[in-house]
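Asks: Going line by line, the protein sequences match chains A and B.
The first sequence finishes on residue 321 if you use numbering that gives the first Met the number 0, and the numbering steps up by one all the way, no holes.
The second sequence finishes on residue 270 if you use numbering that gives the first Met the number 0, and the numbering steps up by one all the way, no holes.
Among the clues, some could well be false.
[To be verified] If you want a taste of the chain A side facing chain B, the calculated C-beta under 8 Å gives, among others:
#	residue
1	A46
2	K50
3	D54
4	N65
5	Q69
6	M73
7	V99
Everything labelled a hint here was simulated from the structure, so no lab data went into it.
C-beta atoms are modelled at their ideal positions from N, C-alpha and C, and glycine is treated no differently.
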Amino acid sequence: MPARTKYELKPGPATREAFGRALVEIGRENPAVVVCDADLSKSTMTAYFAKEFPDRFFSYGIAEANMVAQAAGMAYAGKVPFASSFSAFAVNKGFEQLRVCVAYPRANVKVVGTHSGISIGEDGPSQMSVEETSLACSLPGFVVMAPADEVSTKALVRAAAAYRGPVFIRTGRPKAPLIYNGGRRFEIGKAIELVEGTDVTIIANGLMVAEAIRASDALDQEGVSVRVLDMHTVKPLDREAIRRAAAETGAIVTAEEHMVDGGMGVRVAQVVAETQPCAMEFIGIRDTYAESGKPEELLDKYGLVARNVVAAVRRVLGRKRH
Amino acid sequence: MPKPVAELQALAKVIRRDIIEMIGTAGSGHPGGSLSAVEILVELYFEFMRIDPKNPKWPDRDRFILSKGHACPVLYSVMAEAGFCPKDELNTLRKLGSIYQGHPDIRFLPSLEASTGSLGEGLSLGLGMGLADRLDGRRCRTYVLLGDGEIQEGQVWESAMSGAFHKVDNVVAIVDYNGIQLDGFIHDIMEVKPLADKWRAFGWHTLEIDGHDFASIRKALDEAQATKGQPTCIVAHTVKGKGVSFMENNPKFHGTAPTPAEMELALKELQ
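Let the hints inform the model, and build the full structure from the sequences given.
Replies: Pasting the structure below:
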């Protein structure tokens with residue numbers, strides 16, 4: 000058996016920072032790319048784009064519904080608009096417009112939410128987004144992604160720009176550990192196997208990917224062979240990777256920084272039920288709103304660290320059919 | 000060359016008959032707000048807009064968005080009479096598989112500019128198109144028809160604010176000010192007065208006209224086109240149910256189809 004892949008998880012920039020940088024690169028290559036923001040460009044990092052392409056940057060003030068619908072209008076007229084705000088505002092406040100102006104006519108609009116999950120920290124629940132993946136996935140035809148680090152965010156933002164149709168990408172506020180070094184190919188809807196394993200699979204996305212890797216390292220010490228999948232695309236899911244994980248490891252733990260209800264995990268469970276039923280556990284926010292605090296304190300309190308993933312693996316292994 | 004008013008008036012009568020027949024045959028739909036907008040759409044589609052029914056997606060075309068999507072019978076009829084879509088299918092309105100869906104649906108009728116029906120969203124779409132057209136140097140213009148009840152939606156005012164801020168002078172908002180919404184008279188449900196002042200306060204060049212007078216509509220559209228540096232709003236005073244005596248100013252016919260007997264009576268009036 001080949002040596003287990005080791006990840007150093009060195010500190011890296013926030014995924015929102017990677018998004019902002021990627022937008023500028025894409026803007027240089029494609030003059031049709033335009034950017035819309037709702038008074039948060041210094042936080043969503045679309046300010047980089049605004050600085051280099053002021054004519055292609057549109058400020059909408061604090062009015063997300065109008066921003067999303069105008070982005071749709073621009074898409075109908077041939078532009079490739081990226082509309083950005085905090086996830087909670089871009090999706091939740093723009094949801095009706097995402098439904099009727101974007102999803103229903105399948106407009107070529109890219110919505111990028113930053114400050115997703117509870118790791119935004121001190122600002123508290125009104126700014127935190129724990130429902131938006133569920134909302135976005137409920138829209139027919141939408142691609143929904145939650146990248147884990149700088150490299151994957153840049154690649155998936157690029158993939159979104161090249162893809163024709165509606166896309167939502169969720170990014171985060173805090174610095175994200177580096178997972179990829181550039182040697183991988185990122186495709187919409189294709190999960191990435193980060194760690195090979197045979198006893199159990201952890202399927203994670205966003206900042207939970209690093210926690211999944213840490214959990215797999217700890218479990219490896221105990222002789223548990225853990226497979227780790229980066230399910231960066233929540234919709235459409237990589238059904239084949241899920242089916243294989245269920246068939247080959249017989250137990251799955253999902254991990255996401257989102258409400259369990261309507262999140263990636265329950266979507267994975269649907270595929271498992273439809274293809275290869277197996278024992279599952281779900282790491283995520285459990286039917287509650289969080290509070291103010293340091294990101295690491297909140298992730299610990301609300302059960303989103305490696306220790307919680309390890310515990311879930313132990314539980315699922317106890318229920319696994321041998 | 001402007002068309003003789005008599006010709007436009009004759010067209011308006013044909014459209015009104017279409018509307019009554021479509022909704023009467025469907026057994027459901029929104030006659031009142033369709034009838035109030037007839038002259039506005041006839042003027043746009045048969046005189047004012049630069050459009051080509053043979054090439055509906057011509058990049059330099061003018062665009063029309065029916066933000067008050069429930070009035071789609073007037074749009075379908077005008078588009079059919081103008082040659083964008085088949086006239087002989089108008090009476091399939093609201094039936095399964097029809098290109099004439101209950102609210103405008105671009106998936107079924109690609110020569111539409113947008114799918115609408117959820118109120119308050121069309122002006123944002125139009126402004127987005129206007130900004131894209133300006134970026135690309137196209138001289139086309141976008142016209143958005145809003146209902147007076149519709150402008151109770153908050154998004155309308157978000158879009159109004161942004162249209163003036165971004166100086167989107169290639170977009171024209173037209174408010175079909177017929178004074179009635181589903182539940183009754185606007186002043187009983189949620190007053191929108193002073194309507195023109197509201198648009199002025201939001202930075203729009205604002206005109207008030209008789210929305211059934213072709214010369215006034217034409218003049219207002221000309222003035223909108225000549226107005227630079229700010230978008231124009233045309234507040235068109237209209238009569239809900241215009242042209243059918245028992246539908247005029249009658250809230251019942253906001254969203255109720257005529258019975259077969261009422262349909263017959265209405266068509267007789269529109270001879």
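Asks: Does each hint fit the structure? Answer for all of them.
Replies: These are the hints, each one checked on the structure:
1. Annotation: interface hint on A46 (chain A) violated; nearest CB of chain B at approximately 18 Å, more than 8 Å.
2. Checking K50 (chain A) against chain B: minimum C-beta separation of about 18 Å lies over 8 Å; hint violated.
3. Look at D54 (chain A): its Cβ gets to within about 7 Å of chain B, closer than 8 Å, so that hint holds up.
4. Look at N65 (chain A): its Cβ gets to within about 4 Å of chain B, closer than 8 Å, so that hint holds up.
5. The beta carbon of Q69 (chain A) is positioned within 8 Å of a beta carbon in chain B (closest approach about 4 Å), and the interface hint is therefore held.
6. With a least beta-carbon distance of about 4 Å to chain B, the hint placing M73 (chain A) at the interface is held under the 8 Å criterion.
7. For the restraint placing V99 (chain A) at the interface with chain B, the shortest Cβ-Cβ distance is roughly 4 Å, inside the 8 Å limit, so the hint holds.
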